[in-house]
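Number of protein chains: 2
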Amino acid sequence: MQTRVKRHPERGHYDRETVDAILDAGFLCHLGFVVDGQPYVIPTLHARVGDVLYLHGSPASRMLKEMGKGAPVCVTVTHLDGIVLAKSVFNHSVNYRSVLVMGAPRSVEGDEKWDALHAIVDHIAPGRWEEARQPSDKELKTTEVVALSLEECSAKIRSGPPVDSPQDRDLDVPIGVIPLELVRGDVA
Amino acid sequence: MQTRVKRHPERGHYDRETVDAILDAGFLCHLGFVVDGQPYVIPTLHARVGDVLYLHGSPASRMLKEMGKGAPVCVTVTHLDGIVLAKSVFNHSVNYRSVLVMGAPRSVEGDEKWDALHAIVDHIAPGRWEEARQPSDKELKTTEVVALSLEECSAKIRSGPPVDSPQDRDLDVPIGVIPLELVRGDVA
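If you read the protein sequences in the order shown, they are chains A and B. Reading the first sequence from the start, the letters are residues 720 to 907 in our numbering. Reading the second sequence from the start, the letters are residues 720 to 907 in our numbering.
In short, the hints are calculated from the structure, not lab data. Hints may contain errors.
For chains that are exact copies, the list does not tell them apart, and a pair is met inside one copy or across any two.
As the list claims (entries may be wrong) - In silico PhoX-like links for lysine-lysine, alpha-carbon gap of 25 Å or less:
| hint | residue 1 | residue 2 |
| --- | --- | --- |
| 1 | Lys-857 | Lys-725 |
| 2 | Lys-725 | Lys-788 |
| 3 | Lys-860 | Lys-725 |
| 4 | Lys-857 | Lys-832 |
Working from the sequences, and respecting the hints, build out all of it.
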């Protein structure tokens with residue numbers, strides 16, 4: 720499996736419950752694809768519906784030309800949870816949750832496209848699909864949605880306090896975790 | 720230039736002041752590389768020093784094997800700033816700042832490696848390089864750092880309120896921006 724976690728294998732998770740929770744906890748993903756041997760990594764928006772990840776490409780040009788052609792992609796979702804301060808620089812780390820999904824996306828049309836856009840909008844801004852004006856046929860035509868199966872995916876998680884080497888335990892260095900959180904403010 | 724912004728070209732920025740500010744505003748990047756035609760996108764940590772972006776690979780295995788071989792990579796840094804609520808679903812958007820850097824990284828050794836690690840650690844947790852125990856020779860050997868020139872880079876930014884279509888302006892739909900911010904809490 721290409722998404723198997725090789726470095727720090729103890730941080731790898733392969734159950735869909737863990738993967739889904741990480742995908743559902745945010746809407747920003749980074750989509751990787753290849754054009755003439757050059758990798759591109761583009762931030763875009765996603766929502767999961769069952770076993771499928773839907774992507775909506777605002778940076779459509781380069782990205783979506785490659786989609787639906789069967790070219791392989793990698794979609795990565797990462798949440799930063801904390802900065803881990805250890806006794807030694809070497810044992811400093813970051814707490815995070817990430818998911819990698821690999822596969823070949825397919826273009827989405829018709830009712831599935833409508834439902835996918837509904838899912839993406841309500842994932843980013845709950846309730847807005849019903850609240851705002853829904854897409855016209857013309858708008859739908861200029862919006863691209865692709866679907867990526869979750870068949871090949873894995874999660875990687877680091878959490879908890881620093882892990883210091885035994886020889887460092889008595890050093891007089893303050894340790895701990897600085898929590899990080901993406902906070903939503905009030906509408907302005 | 721491969722990093723030229725094609726979709727929403729008005730959001731593209733090519734001055735180093737803008738690019739540097741986005742790179743310096745965070746320490747999480749997504750590194751894209753290709754193995755046997757398959758793109759991989761791996762979250763990792765960065766710091767900028769002058770015209771160079773240093774990357775420290777904790778997910779070292781797959782990633783760093785490809786580095787220093789002259790293989791092309793793409794490093795993307797994205798900050799989410801807000802959710803943009805418009806009168807129509809179609810004009811909903813996200814405020815963000817992102818940078819793409821492309822090139823072929825080189826391995827970093829010796830004094831440059833020491834200075835790069837210093838920069839990365841102090842970028843993530845200011846002051847910790849002096850406060851914590853600094854790396855031993857053995858630890859340095861098991862840490863990989865690569866450098867990527869900022870010669871080929873671009874920024875893309877969306878900011879400000881929703882932009883509604885003229886025909887939607889009188890719709891009775893609340894609009895605005897939900898601010899998003901990655902907040903650091905107190906050490907615990």
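Hints, verified against the model:
| no. | hint | verdict |
| --- | --- | --- |
| 1 | Lys-857 / Lys-725 | between (46 Å within a copy, 22 Å between copies) |
| 2 | Lys-725 / Lys-788 | between (29 Å within a copy, 20 Å between copies) |
| 3 | Lys-860 / Lys-725 | between (42 Å within a copy, 19 Å between copies) |
| 4 | Lys-857 / Lys-832 | within (14 Å within a copy, 54 Å between copies) |
Against the hints set out earlier in the document, no violation occurs for any number.
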